[in-house]
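**Q** Chain by chain, the residues:
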Amino acid sequence: MAIAEEFDPEAPVIEAIRSGDRFAYEEFFRRQNRWVRGVVFAALGDTNRVDDVAQQVWATVWDRISDLRDSRRWRPWLYRLAYHAAIDSGRDVTRRRRLKKEYSQQSDLRRPARTPEGRLIGSELHEAVLEAIAGLPALYREPFVLRHLNQWNCREIAEVMGMPIDTVETRLVRARRLLRESLKGKIE
Amino acid sequence: MLEHRDHIERLINRRLDGALSEDEQLELNREIIKDPSAHRLLEEYERLGGLAAAALDRALAAAPGGQAPSVAARQTAMRSTAGSGRAWWLVPGSIAAALFALVLARPMWSSRMSQTYSPFVPQSIVPPSLLQDVRPTGPYQNVGLESGGRRRTRDIDRSIIGVVGEDGKVYWLEVDRTRTLKRSQPAVRLTNAEM
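Taken in sequence, the protein lines are chains A and B. Under our numbering, the first sequence has 28 at position 26, and the numbering climbs by one with no breaks. Under our numbering, the second sequence has 405 at position 147, and the numbering climbs by one with no breaks.
Among the hints, a few may not be true.
[Claimed, not checked] Distance ranges between label pairs, derived from CB positions: (1) B:R288 x A:R82: 52 to 60 Å; (2) A:A61 x B:L431: 26 to 34 Å; (3) A:D69 x B:R316: 29 to 37 Å; (4) B:R305 x A:S68: 42 to 50 Å; (5) A:G164 x B:L284: 32 to 40 Å; (6) A:I89 x B:V421: 32 to 40 Å; (7) A:R74 x B:A355: 42 to 50 Å.
[As the list claims (entries may be wrong)] Simulated crosslink set (SDA-like; lysine to any residue; CA at most 20 Å straight-line): (8) A:K186 x B:Y303; (9) A:K188 x B:Y303; (10) B:K292 x B:H262; (11) A:K188 x A:L127; (12) A:K186 x B:E304; (13) A:K186 x A:H128; (14) A:K188 x B:R316; (15) A:K188 x B:H262; (16) A:K188 x B:R298; (17) A:K186 x B:S295; (18) A:K188 x B:L306; (19) A:K188 x B:G307; (20) B:K292 x B:R316; (21) A:K188 x A:G137; (22) A:K188 x B:D264; (23) A:K188 x A:S91; (24) A:K186 x A:R176; (25) A:K188 x B:G308; (26) A:K188 x B:K292; (27) A:K188 x B:R263; (28) A:K186 x B:E302; (29) A:K186 x B:G308; (30) A:K188 x B:L300; (31) A:K186 x B:G307; (32) A:K188 x B:A311; (33) A:K188 x B:L299; (34) A:K186 x B:K292; (35) A:K186 x B:A311; (36) A:K186 x B:L300; (37) A:K186 x B:R298; (38) A:K186 x B:L306; (39) A:K188 x A:Q153.
In short, the hints are calculated from the structure, not lab data. Don't be surprised by glycine CBs; every beta carbon is placed ideally from N, CA and C.
Start from the sequences and build out the full structure, keeping to the hints where you can.
**A** So this is what it looks like as structure tokens:
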């Protein structure tokens with residue numbers, strides 16, 4: 003059964019926003035902002051611009067809520083808004099390569115000191131993991147972030163991203179494999 | 259062998275994603291007991307998943323005080339125009355008002371130009387006496403005398419544009435446009451005595 007066919011507690015909230023209820027909009031923002039930020043990060047691979055783009059997304063939600071015809075389909079709609087806002091904010095191949103290069107150079111400079119065994123600890127480990135996630139191809143990063151930031155299952159991810167569940171599973175397997183390789187020796 | 263390994267890895271991933279069927283769960287359990295490397299892989303992926311969730315949460319969780327973009331202004335604007343069929347003239351009306359204000363302001367700018375105009379006296383070949391005779395009262399000046407009595411004059415038109423800066427102050431931009439003309443007759447202005 004598709005998500006859209008189940009009872010969705012957000013559907014009345016969407017209707018309230020559609021009628022101009024500012025408080026419903028703020029409540030909706032509080033509940034959904036987390037994964038919207040995840041989508042933006044997954045599309046950009048860069049945490050620095052997440053705040054700005056997420057704000058744009060939420061302004062667009064208010065402006066274009068009337069475009070959402072089926073209020074039960076709000077999640078794919080919001081996903082597309084967030085994804086396209088991230089793309090429009092300047093993601094292109096050249097820019098990404100340049101940013102990635104700059105980021106890796108900065109990372110080399112501030113790469114944390116390791117323990118004698120070569121392992122990372124605490125926040126350094128989180129930084130290394132985040133860097134590794136950011137370095138994943140967007141194809142694999144997007145479902146991976148939705149899975150681990152929001153604890154969504156494959157069916158939910160497939161519904162939102164508009165792709166078969168098998169494809170989501172395959173991409174998650176590859177994402178984990180790539181991450182495991184890039185973090186080899188750091189997380190044992 | 260490699261295919262079997264891929265299969266086990268896929269089962270591990272399905273377990274992490276909570277998508278294993280009962281049969282798959284049994285198969286994975288048997289494999290984990292039989293093959294220590296499969297068990298290690300499962301533990302490694304579980305740890306990786308936990309670390310990824312923590313890292314993403316730390317980097318992307320919105321600040322507790324995070325707020326939605328302000329919609330008050332948008333809401334007011336929407337309500338003031340919503341349901342009002344007469345609001346269509348607001349845009350062309352605004353443009354017309356702006357143009358009207360521009361037309362009204364132009365004479366003021368012109369008078370300001372004449373008041374602040376300070377003629378540029380070039381180091382030219384024009385005799386000082388002649389220059390004195392034709393000293394312009396308007397924004398133009400003589401810049402040279404050619405053979406045959408023709409005179410070159412230079413018109414100067416000054417545009418003034420007001421721009422509101424980020425600090426709230428108004429900055430005046432003055433742009434001079436210069437044009438040099440050749441006149442067949444000397445541009446001599448008659449003095450009161452000659453008239």
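**Q** Any hints this thing doesn't respect? Which numbers, in order?
**A** 1, 15, 20, 22, 23, 26, 27, 34 and 39
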